Every structure is written in structure tokens, then in C-alpha cells.
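A.B. asks: In case you want the letters, here they are:
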Amino acid sequence: MTSSESQHEHLGPALTALAMGEPVENEAELRAHLAGCPSCQAALQDTLQVLEATDALPSHALSADFDRSMFAKLDAIDAKAPSARASAMWTRLRAWWWAPAIGFATAALALWFLRPPSTTVAPPQAAVLELAQDLELYENLEVLEHLDVLEDLELIDQAVEG
Amino acid sequence: MQPEQDEDALLMARFVETRSRSLFGQLFQRYKVLVVQHATRFVKNPARAEELAQDVFVRVYTTKRYEPQTKFKTWLLRVTTNVCLNELRRPEHKVDVLSLADEPAQKRPIDPPAPASASPQARLEHQELSGRLQSALMVLPDNQRAAFLMARQDNLSHEEIAGVLSTSISAVKSLIHRAVTALRKEAKRVNQEPSPQEAML
Chain A
0 MTSSESQHEH LGPALTALAM GEPVENEAEL RAHLAGCPSC QAALQDTLQV
50 LEATDALPSH ALSADFDRSM FAKLDAIDAK APSARASAMW TRLRAWWWAP
100 AIGFATAALA LWFLRPPSTT VAPPQAAVLE LAQDLELYEN LEVLEHLDVL
150 EDLELIDQAV EG
Chain B
0 MQPEQDEDAL LMARFVETRS RSLFGQLFQR YKVLVVQHAT RFVKNPARAE
50 ELAQDVFVRV YTTKRYEPQT KFKTWLLRVT TNVCLNELRR PEHKVDVLSL
100 ADEPAQKRPI DPPAPASASP QARLEHQELS GRLQSALMVL PDNQRAAFLM
150 ARQDNLSHEE IAGVLSTSIS AVKSLIHRAV TALRKEAKRV NQEPSPQEAM
200 L
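In order, the protein sequences belong to chains A and B. Counted the way numbering that gives the first Met the number 0 counts, the first sequence spans residues 0 to 161. Counted the way numbering that gives the first Met the number 0 counts, the second sequence spans residues 0 to 200.
Don't take every hint at face value.
Stated by the list, open to error - EDC-like cross-link-like pairs, simulated, lysine to aspartate or glutamate; straight-line CA separation at most 20 Å: (1) B:Lys184 <-> B:Glu124; (2) B:Lys187 <-> B:Glu158; (3) B:Lys31 <-> B:Asp153; (4) B:Lys72 <-> B:Glu127; (5) B:Lys31 <-> A:Asp66; (6) B:Lys70 <-> B:Asp5; (7) B:Lys72 <-> B:Glu124; (8) B:Lys31 <-> A:Asp64; (9) B:Lys184 <-> A:Asp54; (10) B:Lys31 <-> B:Glu6; (11) B:Lys70 <-> B:Asp7; (12) B:Lys63 <-> A:Asp77; (13) B:Lys31 <-> B:Asp5; (14) B:Lys184 <-> B:Asp153; (15) B:Lys187 <-> B:Glu124; (16) B:Lys63 <-> B:Asp153; (17) B:Lys72 <-> B:Glu6; (18) B:Lys72 <-> B:Asp5; (19) B:Lys43 <-> B:Glu86; (20) B:Lys43 <-> A:Glu28; (21) B:Lys63 <-> A:Glu51; (22) B:Lys187 <-> A:Asp64; (23) B:Lys31 <-> B:Glu124; (24) B:Lys187 <-> A:Asp54; (25) B:Lys31 <-> A:Asp74; (26) B:Lys43 <-> B:Glu124; (27) A:Lys79 <-> B:Glu124; (28) A:Lys72 <-> B:Asp54; (29) B:Lys184 <-> A:Asp64; (30) B:Lys31 <-> B:Asp54; (31) A:Lys72 <-> B:Glu158; (32) B:Lys184 <-> B:Glu127; (33) B:Lys184 <-> B:Asp141; (34) B:Lys43 <-> B:Asp153; (35) B:Lys70 <-> B:Glu124; (36) B:Lys70 <-> B:Glu158; (37) B:Lys70 <-> B:Glu127; (38) B:Lys70 <-> B:Glu16.
Keep in mind the hints are simulated off the structure, nothing from the lab. All of these numbers come straight from a predicted model, not from anything done at the bench.
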């Protein structure tokens, strides 16, 4: 690089950014420098000339069958993976019914485990009757005991009278 | 614009969810020219560039997950860049690299038309300059050429270009400056050469 070229380059990327209309730090200072520096002014003009020339470069025109060949490739992909669309639909379906299904199953399980225990309730008279029968027995036993004593008393009386 | 506000990013997300050919078709029609144009910045052969562009769209079509971190355009150009760089790593592309000095005049691409209002002399000079600059562009390093043309032709910001090239914003500014500097040198060489009429005299 010659000394004049190095002089031109002392603004560096800032000069390029200025020429391309991009935001530049300290732009006011740069423009003030440009106003007083013929070398940088020439560099700026060279850059603008290059940008104008490259802007005029022709762009590539797509071939006539670009679209057709593109979609032929996509058709081949779809033909190799026919279940791809089906699995995508399944994924969409599964996504929306999965949550309610889990909720329903949870609720059913909760109801099953929280149900009250099943018992056959005996009518109240049966217990009382049973108890009453026990009591009758006890009373009979007592009477029987007393009968024994009574018999003994009778014997005593007979003995005394005899 | 945030990725979640990018209309095309939303369209792509809906396509991945629904696999709708119609949605893909919308994106394809909007971006096919840009993708082919970007591929030609890396691969000199236009037919091969179109094939690579179609490979890019096949990748888009078969994408199973899409979570936009950037605008769709930036993401698409990054995919295109990666596809093209993989192509350039193949051995057959190593011989295509030519230096400016070795580029013979016969291999120059077709000169673009000059402004109609210019004089014949000016039009000739303009065509000569554009043609030489087009050749100069093609021998630039790939990342310099891509950064410069994305800024100039695609109007991408430095941040977007950095996303496409997976580099920093300061690196993008440096790439663009180096590309412009190289093109300025070529333009100076053209301007210092005698014109055909002067050569005849």
C-alpha cells in the first residue's frame, strides 16, 4: 500500500459506512474532516463510484422450470414418507384430547377410592333382643341358684319339724 | 422486529405444525429469488446455485422443529450460507478460485447495460467498470463478498448479516470495508488503463 493510499485509508470502515449510508459514530466529526481533506474526499468519491457500479450488476434470473423441479422434489419426499402427514395429524389430535382424558381418568380413580365403605346395618331390635335373651338366661340362672337354696331351706325346715 | 412478530417466522411455525404445502408455497414464492441470488454469491455456476437453493428449500420443507431466534429471512439466509459453504468444501471447487491478476478478459461475465442517458463513451466506460467489478467480486473471499452484497443488495442490517454469517457485528463491518477497498483498487486500475480508443491512438 502506497503512502497516499494509506492516507486515504485513515478513516477506514467509517468512510465505507458513510458512503453506504449506514449509521456512523462521530459522524459530525467525520464530515468536518472530509470537508478539509482532499484525499478522503477522493476516497469517498471512489467508493461511491464502486457502489453505483455494483448496484447496476444484473441479478440472476431463475430458470424456467425452477418451480416445477422444486415441487417434483417435494412430491418425491412426500411419496417416501406417506405416514408423515398422518403422524402430524395424529400429533395434533393427541395434543388436544390427551389432557381431558387424563383428567377424566384421575376423577374416576378419585371417586373409586373415596367411595364410602359398604356395610349391612342390622336392625336395632335384633341387638336388643339378643341382649334381652342373655339377660333372661342370667335371670334364670339366678333363679335356679335360688331354687337350690330354697330346696335346702325346705330340707332344713323338715329337719326342724321332724 | 422481534422474531415472534415476524410474519414469515409465524408462517414457518404454522407450516411445521400443520405440514401444509400451501403455507410452504407462500414462503417459497417470497424467498426463492433471494435464496438463489445468495447461493450465486458463493457458487459461480448458476445451475448449481439453483440446485443448492432447492436443497435449502428441501431442508426447510423437512424441518421438524422451528423455534425462531431471529427473523425468518436471517435464518433462511444462514441455512443457505451453510449449504453453500459445505458445497465449496468439496474438492472440485478448489480449482475455481482465481486471482484478479490471472482473470483473463475473455472470462469476464456479460457486461451490464449502462445508463441510457449516458454518452456512448460513458456507456462503454461504465460497462467496462461494471464488468471488471463483477469479476473482482467473484474473486473476493466468500464471506467478504456475501457480507457486502447482503448489505448492498438485500438491505440487511449489520446485525442480520452477523446472524447469517455467524459472526460479530464488528467483523461484518470489517468484511464490508475490505470488500469495498478491494473493489476500489480494481476500479482505480480500470480508470488508469487507457480506453480502447486511446489504445488505438
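A.B. asks: Each of the hints needs a verdict: does it hold here or not?
C.D. replies: So, going through the hints one by one against the coordinates:
{"no.": "1", "hint": "B:Lys184 <-> B:Glu124", "verdict": "holds (16 Å)"}
{"no.": "2", "hint": "B:Lys187 <-> B:Glu158", "verdict": "violated (31 Å)"}
{"no.": "3", "hint": "B:Lys31 <-> B:Asp153", "verdict": "holds (13 Å)"}
{"no.": "4", "hint": "B:Lys72 <-> B:Glu127", "verdict": "violated (34 Å)"}
{"no.": "5", "hint": "B:Lys31 <-> A:Asp66", "verdict": "holds (9 Å)"}
{"no.": "6", "hint": "B:Lys70 <-> B:Asp5", "verdict": "holds (6 Å)"}
{"no.": "7", "hint": "B:Lys72 <-> B:Glu124", "verdict": "violated (36 Å)"}
{"no.": "8", "hint": "B:Lys31 <-> A:Asp64", "verdict": "holds (13 Å)"}
{"no.": "9", "hint": "B:Lys184 <-> A:Asp54", "verdict": "holds (17 Å)"}
{"no.": "10", "hint": "B:Lys31 <-> B:Glu6", "verdict": "holds (17 Å)"}
{"no.": "11", "hint": "B:Lys70 <-> B:Asp7", "verdict": "holds (8 Å)"}
{"no.": "12", "hint": "B:Lys63 <-> A:Asp77", "verdict": "holds (14 Å)"}
{"no.": "13", "hint": "B:Lys31 <-> B:Asp5", "verdict": "holds (18 Å)"}
{"no.": "14", "hint": "B:Lys184 <-> B:Asp153", "verdict": "violated (24 Å)"}
{"no.": "15", "hint": "B:Lys187 <-> B:Glu124", "verdict": "holds (13 Å)"}
{"no.": "16", "hint": "B:Lys63 <-> B:Asp153", "verdict": "violated (28 Å)"}
{"no.": "17", "hint": "B:Lys72 <-> B:Glu6", "verdict": "holds (10 Å)"}
{"no.": "18", "hint": "B:Lys72 <-> B:Asp5", "verdict": "holds (9 Å)"}
{"no.": "19", "hint": "B:Lys43 <-> B:Glu86", "verdict": "holds (11 Å)"}
{"no.": "20", "hint": "B:Lys43 <-> A:Glu28", "verdict": "violated (41 Å)"}
{"no.": "21", "hint": "B:Lys63 <-> A:Glu51", "verdict": "violated (42 Å)"}
{"no.": "22", "hint": "B:Lys187 <-> A:Asp64", "verdict": "violated (41 Å)"}
{"no.": "23", "hint": "B:Lys31 <-> B:Glu124", "verdict": "violated (33 Å)"}
{"no.": "24", "hint": "B:Lys187 <-> A:Asp54", "verdict": "holds (18 Å)"}
{"no.": "25", "hint": "B:Lys31 <-> A:Asp74", "verdict": "holds (18 Å)"}
{"no.": "26", "hint": "B:Lys43 <-> B:Glu124", "verdict": "violated (25 Å)"}
{"no.": "27", "hint": "A:Lys79 <-> B:Glu124", "verdict": "violated (55 Å)"}
{"no.": "28", "hint": "A:Lys72 <-> B:Asp54", "verdict": "holds (9 Å)"}
{"no.": "29", "hint": "B:Lys184 <-> A:Asp64", "verdict": "violated (39 Å)"}
{"no.": "30", "hint": "B:Lys31 <-> B:Asp54", "verdict": "holds (12 Å)"}
{"no.": "31", "hint": "A:Lys72 <-> B:Glu158", "verdict": "violated (34 Å)"}
{"no.": "32", "hint": "B:Lys184 <-> B:Glu127", "verdict": "holds (15 Å)"}
{"no.": "33", "hint": "B:Lys184 <-> B:Asp141", "verdict": "holds (18 Å)"}
{"no.": "34", "hint": "B:Lys43 <-> B:Asp153", "verdict": "holds (19 Å)"}
{"no.": "35", "hint": "B:Lys70 <-> B:Glu124", "verdict": "violated (40 Å)"}
{"no.": "36", "hint": "B:Lys70 <-> B:Glu158", "verdict": "holds (11 Å)"}
{"no.": "37", "hint": "B:Lys70 <-> B:Glu127", "verdict": "violated (38 Å)"}
{"no.": "38", "hint": "B:Lys70 <-> B:Glu16", "verdict": "holds (18 Å)"}
The structure is inconsistent with the numbered hints 2, 4, 7, 14, 16, 20, 21, 22, 23, 26, 27, 29, 31, 35 and 37, although it conforms to all the rest.
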